[in-house]
Every structure is written in C-alpha cells, then in structure tokens.
Amino acid sequence: MAGSASDTETSELAVQTLELTRRFDGLTAVDAVSLTVKRGEIFGLIGPNGAGKSTLIKMLTTLLPPSAGSARVAGYDIVRQPAEVRRHIGYVPQLLSADGSLTGYENMLLSARLYGVPRHERAGRIERALARMGLSEAAGHLVGHYSGGMIRRLEIAQSLLHRPLVLFLDEPTVGLDPSARDTVWERVLDLRNRFNRTMIVTSHHMDEINAFCDRIALIHRGRIAAVGTPAELKARIGPDATLDDVFIQLVGDKSETETGGSYGEVRRARRAAREHG
Amino acid sequence: MAKSGEPAAPPASTAEPAAWLGNYVTQVVAVASAEVQKLRHDPWELMTRAIQPVLWLMLFGEVMARVRGVSPGGLPYLDFLAAGILAQSVLFVAIFYGISAIWERDLGVLQRYLVSPAPRSALVLGKALSAGVRGLSQAFVVYILAALLGVGISLSLLHILGVVLIIIMGSALFSTLSLIIACLVKTRERFMGIGQVLTMPIFFASNAIYPLSLMPGWLRAISRVNPLTYEVDALRALMLAHGVSEYGLSLDFPVLASAMAVLTAIGARMYRRMGF
Numbered sequence: 001m002a003g004s005a006s007d008t009e010t011s012e013l014a015v016q017t018l019e020l021t022r023r024f025d026g027l028t029a030v031d032a033v034s035l036t037v038k039r040g041e042i043f044g045l046i047g048p049n050g051a052g053k054s055t056l057i058k059m060l061t062t063l064l065p066p067s068a069g070s071a072r073v074a075g076y077d078i079v080r081q082p083a084e085v086r087r088h089i090g091y092v093p094q095l096l097s098a099d100g101s102l103t104g105y106e107n108m109l110l111s112a113r114l115y116g117v118p119r120h121e122r123a124g125r126i127e128r129a130l131a132r133m134g135l136s137e138a139a140g141h142l143v144g145h146y147s148g149g150m151i152r153r154l155e156i157a158q159s160l161l162h163r164p165l166v167l168f169l170d171e172p173t174v175g176l177d178p179s180a181r182d183t184v185w186e187r188v189l190d191l192r193n194r195f196n197r198t199m200i201v202t203s204h205h206m207d208e209i210n211a212f213c214d215r216i217a218l219i220h221r222g223r224i225a226a227v228g229t230p231a232e233l234k235a236r237i238g239p240d241a242t243l244d245d246v247f248i249q250l251v252g253d254k255s256e257t258e259t260g261g262s263y264g265e266v267r268r269a270r271r272a273a274r275e276h277g
Numbered sequence: 001m002a003k004s005g006e007p008a009a010p011p012a013s014t015a016e017p018a019a020w021l022g023n024y025v026t027q028v029v030a031v032a033s034a035e036v037q038k039l040r041h042d043p044w045e046l047m048t049r050a051i052q053p054v055l056w057l058m059l060f061g062e063v064m065a066r067v068r069g070v071s072p073g074g075l076p077y078l079d080f081l082a083a084g085i086l087a088q089s090v091l092f093v094a095i096f097y098g099i100s101a102i103w104e105r106d107l108g109v110l111q112r113y114l115v116s117p118a119p120r121s122a123l124v125l126g127k128a129l130s131a132g133v134r135g136l137s138q139a140f141v142v143y144i145l146a147a148l149l150g151v152g153i154s155l156s157l158l159h160i161l162g163v164v165l166i167i168i169m170g171s172a173l174f175s176t177l178s179l180i181i182a183c184l185v186k187t188r189e190r191f192m193g194i195g196q197v198l199t200m201p202i203f204f205a206s207n208a209i210y211p212l213s214l215m216p217g218w219l220r221a222i223s224r225v226n227p228l229t230y231e232v233d234a235l236r237a238l239m240l241a242h243g244v245s246e247y248g249l250s251l252d253f254p255v256l257a258s259a260m261a262v263l264t265a266i267g268a269r270m271y272r273r274m275g276f
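Chains L and Y, in that order, are what the protein sequence lines are.
For the first sequence, our numbering assigns the number 1 to the initial residue and increments by one for each residue that follows.
For the second sequence, our numbering assigns the number 1 to the initial residue and increments by one for each residue that follows.
Derived by calculation from the structure, the hints in this document are not laboratory data.
Quantities reported herein were computed from a predicted structural model and do not represent experimental measurements.
Hints are not guaranteed to be accurate.
With beta-carbon atoms standing in for the labels, derived distance ranges [claimed, not checked]:
{"hint": "1", "chain 1": "Y", "residue 1": "PRO17", "chain 2": "L", "residue 2": "GLY124", "range": "22 to 30 angstroms"}
{"hint": "2", "chain 1": "Y", "residue 1": "MET192", "chain 2": "L", "residue 2": "PHE24", "range": "24 to 32 angstroms"}
{"hint": "3", "chain 1": "L", "residue 1": "GLY100", "chain 2": "Y", "residue 2": "PRO17", "range": "32 to 40 angstroms"}
{"hint": "4", "chain 1": "L", "residue 1": "ASP245", "chain 2": "Y", "residue 2": "THR48", "range": "56 to 64 angstroms"}
{"hint": "5", "chain 1": "L", "residue 1": "GLU12", "chain 2": "Y", "residue 2": "ARG273", "range": "29 to 37 angstroms"}
All C-beta atoms in this analysis are idealised placements derived from N, C-alpha and C, irrespective of residue type, glycine included.
Excised from the complex, chain L in its bound form (with noise of 0.2 angstroms):
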C-alpha cells in the first residue's frame, strides 16, 4: 500500500505520505515515509522505540515541520495548509494533554471553543461527548482526580468534539490498566462503526493492534519495515506465526528494541505511564 494513489483513489484517502522525512542534527528519525490510509480505516503503527512514530504522527499533525516530502491529511497539505489539517483532525498525545488543574467540562469548554464549536452547539456537544465517554457523573471534578483511563477517555472525547475527518491516537493505552485499555478501544471501535471515523494509532501492545487494526505499518530506524492487514503480515512469517513474531523477524536483534529510544523518549513515555496509571 506504499505510494501515491491515483486521483480517483485520492478522494478516499485520509492520509498519503510521499518521501515524507524528517532530519534532526543529522539524525533522519523519518526516512521517506510514503504510506496511505483510507477513510474509516483503523492503521496501526507500530515499531521499537526511537523508530520514529510519534515524529511521524508530529508531523501529520503538523506539530512538526517535515525536513522533505509531502504528505495530506483529510484532503489538506501539511505545509500548505497547516490550519485547515489542524481543523480536520482530533490528536492524543502520548502525554497527558488534559489540563489537571481544571474540571472535565472545563477542559471540554476549552477546546470546543479553541476548535471554533458555534456557541449555540458547545454544550450539547459537550455533553453528548461526556456521555459517551461515560463521564458525564466526573464532568465537574478536577481532572487531576480523574483515574488513568478517565483521563483517556476525557482526552479523546476533547479530541471528537469538533468531528475531526481523522483521529490520531499515540500509545492510547499506555499504562493503562487491562479493563481500562478495553474501555478506550471499546469506545475507539464505537466511533469507527458510528461515525466512520479514520483512525491512526501507535502501540507497543501487539495483541490490541492484532485485534482492532485493519492494517498495521512497521516502522524499523525512520522507515516503513512493513505494511499490511494483520493476517498479511503474520502470514510472511508463518502459519502460527503472532504480531510479536513479525515484529522481531522484521526489526532484528531483539535486543535493539530493548534498548531503542532516546533517553526524552523514554522519560516522556514513563511520566505518560505513571500519570495515567
């Protein structure tokens, strides 16, 4: 699935990557990415860390600017149009991106009004949101109250409220507790089949991106390793062959993903763990 897509195809694609790189003080964390995601597609992304996920979904987001290539996202150049790409797109950081220090409808006050939710919309929406989530009883407590995966919950409900095209979720799960990381793709799945939402997400937990991806890229040092349905993919290895026998066959040396990433990865990722968990 590598590639441009032809003009036809274009229509249906949410996100398309071309040679998309990114260079930081002569390190390539992105190294010509071309991919691309249909609309309503869960696309998995997966890989050791440092391999250049979160770089990649940064500059998706366009948090980041790209050091070559191009890439669009629901239609808009990440470039060119990088306030109409930000308009159309709802984003979870690995991080905890919910402010503690205000309530959950404040929080969701907050960014209907910085997403330009009509006035006369924001609190049906926010409330709907809430429900959804299964936050409305929390919506007037402190966030900084709010358990690991209420947070999650809170911060992908913030991310929906402006009906984002495409929804990138980075390690949506992480540190999260079994039942609460069943509750965050249960409603991930619920707004996929709703609403027909493209999701875009990044996890090191092999067993939910077999589960609930229809297709998956491997990152391996900036590049795409592998793209495929989770079956395709298992089936290059194997007949019994799992998402973690793919993963190590295509990454290498196990003991290079044991000790990937950078020391700020590594410190971000246990603070996210320890702040959601």
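Please arrange chain Y on chain L, whose structure you already have, making use of the hints.
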C-alpha cells in the same frame, strides 16, 4: 461520511474577516478564561503573591519615607512608591509566567493547544491576558494597602479604568517576554536562573522606587528604553490623586502597546516551536 445523524465535518474555516475576528477573540478568551478558572479552583497563588507588595510598602516604604530629602516630584515618598510597587508586583508575577509554558510543554498540555486551529498569536494573547488578571489581583491588594497607609489615591472611574488597562498591558508585555525566554531556554532550571537575572535589572533600571533624576546618566539612558519606566509613569499619573506623568500618557500608552505588539508577534512565532 457519518453513518448516524451526527454530521462528520468540523466547522468550515472562517474566511470572512468579521467571522475570523469573532473566532479569534473567542480563542483568546478561551485560553484566558481557562487560566482564570484555574485560579478560581486554587486561589492560594494569589494570596501568597500578595505578601510581596505588603512587605515592600510596609517595610521598605515606611522606612524610606523617614529619610529626609526623599520627596520626588513633590509627592510624599509613600505615594511615589505605591505606584512603583504596583508595577513591580505586576512585573514579578508576569516575568515568571514562562515557567508555566515549560511546565505545560513537559506535561503535554501544550500539544493540546498547538494542535488546535487557533492562531498562535491568539494562544499567546490569551496567556498574556490571563497574566493581566493575575496582575489585577495584585492591584486590588496594593490599592487597599495604600489606602490604609494614607496614600492619596485617585478614585476617578476614568483613572481606575486607565490603571486596569495599564496593568493588563504591562502584564501582557512582560508575560510575553517571559514566554519568549521560555521558548529559548526550554528547561525550568535554566528559566529560573534567567528570570532572576532579568527581574532585578528591569526593576532597578526604572523609576519604580526612585526618580530618574537620582540616576547616573548611563542608568537613566537604560531606564528610558525600559517599558517598566513608562508603565510606572502612567500608573503614577492615574493611581494617585496628585500624580503627574513625566512623559505624558500620550507617550506611555503607545510605548506599552507597541512593545506588546512586537513581543506578541515574536512570541507567536516562537511558541509554535515549543511543541517540537
């Protein structure tokens, strides 16, 4: 695209100037009101910050008022000092504002702002406006205390409105300067060091606690390009019943507004880079 009755598309981008401006104001107010809500949930910060102007006015002011010959511009020293301490309190609150931006970046809250379609200048202005709200709480404390100490305060509504405007502009200006420094240094530890180094020169190279006429020539030259000097000058004219502006309000307001506009433009460009 949506399978249910809920429309899928977000609101259209506002190409018309009036609609764009309305949206822009909403985004500025959104950021500012979120900060005000935080203060409402935890007002301790405002209470602890109120201690500093109390100490300056009651200790430094009372002692210096007894020094013979210190009667700047014909005003009692305590009157002269009251406006300076108000400006100083606003400065001290605003100049450390950038640390909250670093904190928000470290927590991840900043990404929530930066991934929104709000223009970066709206985010910076919203933060600056919320610094103004903190500054106004300081003004309340200084006004009450000054009245108790017998300072001749102007109660003219126009003058009070002028003070409110100057405080908002002063807070916005120095909080945006603080934000720019935060964007450059990126860590809380470095910021604290630079914040300490910056605060004292800005404060002492101004007319906050002594008149410019007492300064050596080189320091007077620095104070003339220090925005705090113009903030104090305007506050002295508006806050005090017998206050006079040395430079004229017609110069004080434009100087503060221009400095604020330049810093907001720089801050908006740099704030974007905080998310990298």
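Can you name, in rising order, the numbers of the hints this structure does not satisfy?
none
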